[in-house]
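Following the hints, put chains B and C in place on chain A, whose structure we already have.
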Amino acid sequence: MTDAHAHGGAHAHGHGEPQGFIWKYVFSVDHKVIGIQYLITSLLFLLIGFTMMLLMRWQLAVPTPADDFDPEKLGMIRSLLNWIFPESMPFGFMDPVFYNQLGAMHGTIMIFLGVVPLGVAAFGNYVMPLQIGAPDMAFPRLNMMSYWTYLVGGIVIMSSFLADGGAPQSGWTSYAPLSVVAPAGQTYWLIGMVIIITSSLFGAINFIVTTLNMRAKGLTLGRMPVFCWAQLVTAVLLLLAFPVLEAGAILQLLDRVAGTSFYIPKDMIYGATVFPRAGGGSPILWQHLFWFLAHPEVYVLLLPAMGIVAEIIATNTRKPLFGYKELVGSMIVIGILSFVVWAHHMFLSGMRTSLANLFVTTTMTISIPSVAVLTCLLLSLRGGTIRYNTPMLFALAFLPMFGIGGLTGLPLGFAPTDMHLHDTYYVIGHFHYVVAPGSLIALLGGTYYWYPKMFGRKMNETLGKVHFWMTVIPMNFVFFPMLIQGMYGMQRRLATPTDQWHNLPVQGWSMMIGIAAAVLMVGQLPFLFNFVWSLKNGEKVGENPWNATTLEWACPSPPPHGNFAKEPEVFRGPYEYSVPGHKTDYWPQDEAA
Amino acid sequence: MSTAIAETNTGISNAKLGIWSFLASEIMLFGGLISAYVILRSGSAHMVMPPRSMMGVPLATFNTFALITSSVTMVLALAAIQEGNIEKFKRWILCTIGGGVIFLAVKAYEYQHKWHEGITLSSNLFGSFYYTLTGLHVIHVIGGLGLMTYIFVAGSRGRFTPDSHDRVECAGLYWHFVDLVWVILFPILYLL
Amino acid sequence: MSSKVSQGAGAHHGPIDKSDEVRTYLIIFGCLAVLTLLTVGVAYMNLPHAAGVVIALVIAAAKVFLIGSFFMHLRGEGRLINWSVAVCCTLILILILFVLPDLGIHPLEEAARNALHELEAQHAHYPATPGGAAPAGH
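Protein chains in written order, with our numbering: chain A, 1 to 593; chain B, 1 to 192; chain C, 1 to 138.
Where hints are given, some of them may not hold.
[As the list claims (entries may be wrong)] So these bits of chain A aren't anywhere near chain C, every CB distance computed over 10 Å:
id, residue
1, Ile36
2, Met76
3, Glu87
4, Pro96
5, Leu240
6, Ser282
7, Pro320
8, Arg382
9, Phe480
10, Met487
11, Val506
12, Gly508
13, Cys555
14, Pro556
15, Pro558
[Stated by the list, open to error] Here are the computed lysine to any residue pairs in the SDA-like style, where the Cα-Cα straight-line distance is at most 25 Å:
id, chain 1, residue 1, chain 2, residue 2
16, A, Lys566, B, Glu7
17, B, Lys107, C, Gly41
18, A, Lys266, B, Pro51
19, A, Lys465, A, Asn476
20, B, Lys88, C, Ser69
21, B, Lys90, B, Ile102
22, A, Lys536, A, Ala518
Don't read these hints as lab results, they were simulated from the structure.
All of these numbers come straight from a predicted model, not from anything done at the bench.
We treat Cβ as the ideally placed atom computed from N, Cα and C, and that holds for glycine.
Same shape as in the complex, but just chain A (with noise of 0.2 Å):
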């Protein structure tokens, strides 16, 4: 716990004796080389998660063999898989088991895994440091921990697939009592999840007080960038939602290897016998405590692409955004409410419909703040000069992406349309639309923006294009289709939907969702290409590439340890662009009067 000023790590370093690689790179307490490290491990997290549910789509394509299917005469891809996965995919067609491990898989990678130490540790630890002009974060040594508490949860998460009985098959939700009768993996998901979480705090308490504390002289919280308030709020809502997560996950933990009943009703029945626990614990328990946590956990995969889309629309309309204070009061708000909306997750659990109603009091509420951000974004474009260039157009795309996602949400958060709806793929089609198209189009954003500080060099713009069409596209072909399916009844988790009668007539769109879905990854082939090659390629650039104002512009493009030659001072907010009379069409926060 060092105090602002004696930062040994940053500074001491950076003078005159050369640092050994290990410490440089590996266990290097620089919050920038921390933050690549997030950057480079949440993408392969990202592409390991999408991997598995490419194999997912590939099953709900053609879920059991047509009447004329002929074992002998396999097609390319079926006899490859069932080359890889002689036991979980025979002849291609994946074994029920096999398809519940990769789905809870998949949430739970896609989630803590990827989206968020993306959007939060990633960007949040390189940018925010440098955006409010300090030399580094407030707790280096700290930071250094989170990430490897992080990669050592994400390791033993991972290594669940080769537990005896595989991977965790609950669902990322892991609803009792069936999470806790599961096989051996799930236990590996309770520990892993304990440790990402100590990783979480570790960088939560790092970012708040990094940001009240250490902001440069003149950088009030009203000249902060709309970014660091994204990063605040969002910091916060872990540090206090993560912890009662981490409680349920203890009682679950010891439900499953200490023979307690939290989680168990009395007399349960579990496979023609009576399950031989003392009992007396609730289901819904679980559930209670879980959504608690993983309701403001969908607003830390928000928030974070919020700022980010603010900063690069700032940025490339050349005009202040539209209501800053809205936007910042709205973030904060938005916070607030996450914690008490967390049971119209659990509309359908047999919950007292009083409570339910307060829920979808709640909800509804909710929505304005969200509407209000979305709109100041889509104002902030108005009257601008728009430069279109790769990170603005994923910035652009992410405001009616998210109108979608969102607009989606409210026929979900209203208890009489949520009984149709609740636990079908109407459900994964809202989501999927606000973090996918919405959170994770505006982090790829944020990367194609902010590479030039990072590496020194700009991403290639012409794949960086190719990379935004082949994404946008393809992602609507994914996830619109699963609301049509959803209001048709398809239910979620299911490997052969086509067992229940009532899917046959959506099972069409399958396969369409199918393709669409190989689309987008072969879409992703142009930014894996251009990530690598542009950091030996690419077009150089000096420190403020972009002519933007915040203080991140400020200082060498990558900044060197300690990021600033000495301790900027601002003069102004964050985003004086076009300011009537300056000789520039942008004046930095930190250029003098």
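Showing chains B and C alone in chain A's frame:
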């Protein structure tokens, strides 16, 4: 290495703001477990409370005193370092550690006694909550003792002065929090 | 909050006399001891359950307040830290109070209450209204 007083935007040192953030998460952790206990205690027909004679209230009351006393000695140690009196500081820190050790010893006795009497982790819901809640608390006490040992050693080496003793204050905040959790656990587990 | 503020009461001032504060700490210790004995004593009085719970929680809250205000120096801290603590406590209260209506009602108690309502409803409409059976209650 000096722990220079930081100039921070809020006026609160990084360390103190950091420890309070950590304590906020701890409130939510213990709060989550305590909530689960309260909910099942009021809602489950099968949460059977052991008779008070089995709970050993007098011993637990003594234990509560031990922990509260160690909290007082902690704050007296802080006052001592603010006065610049290292010897007094060392004495009070040792008393704090002593109080913590007594607490752990009594808990060890309580655990094996109750287990022997039939209140085990899996015997029924009360047992499960009792060992989980107090067990997590015990883990925090052990961590606190480690922290106090570091404070004692560092203080003996002249690390803390009246102008620079942030870490003593932060360790104190943690220790008081551990005491505070027990102040809540004691009535809800033993007395109600 | 734009300018940086030097932190720490007594920063750069050297050793200070703490005897007043020490006296306060000892008084608070006395209060805590008394409250502990009080809560144990009340427990042995075997009051009706609801009253017992309320008193125990009030005493616990008082002890928490004393430790927090005086030992943890919350009294001297500004709004940021005090409000943060208040927010956490509020969140836990929300968790408990929102979930209790769902899970916290003893099922036997609820069945008994429903049965009582039904009996009352039946008796209120006796003799039966023409053309219909007794209303179904809840």
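Structure-based check of all given hints:
| no. | hint | verdict |
| --- | --- | --- |
| 1 | Ile36 | holds (30 Å) |
| 2 | Met76 | holds (52 Å) |
| 3 | Glu87 | holds (41 Å) |
| 4 | Pro96 | holds (32 Å) |
| 5 | Leu240 | violated (6 Å) |
| 6 | Ser282 | violated (5 Å) |
| 7 | Pro320 | holds (20 Å) |
| 8 | Arg382 | holds (31 Å) |
| 9 | Phe480 | holds (35 Å) |
| 10 | Met487 | holds (29 Å) |
| 11 | Val506 | holds (34 Å) |
| 12 | Gly508 | holds (41 Å) |
| 13 | Cys555 | holds (20 Å) |
| 14 | Pro556 | holds (25 Å) |
| 15 | Pro558 | holds (27 Å) |
| 16 | A:Lys566 / B:Glu7 | holds (16 Å) |
| 17 | B:Lys107 / C:Gly41 | holds (22 Å) |
| 18 | A:Lys266 / B:Pro51 | holds (22 Å) |
| 19 | A:Lys465 / A:Asn476 | holds (17 Å) |
| 20 | B:Lys88 / C:Ser69 | holds (24 Å) |
| 21 | B:Lys90 / B:Ile102 | holds (18 Å) |
| 22 | A:Lys536 / A:Ala518 | violated (29 Å) |
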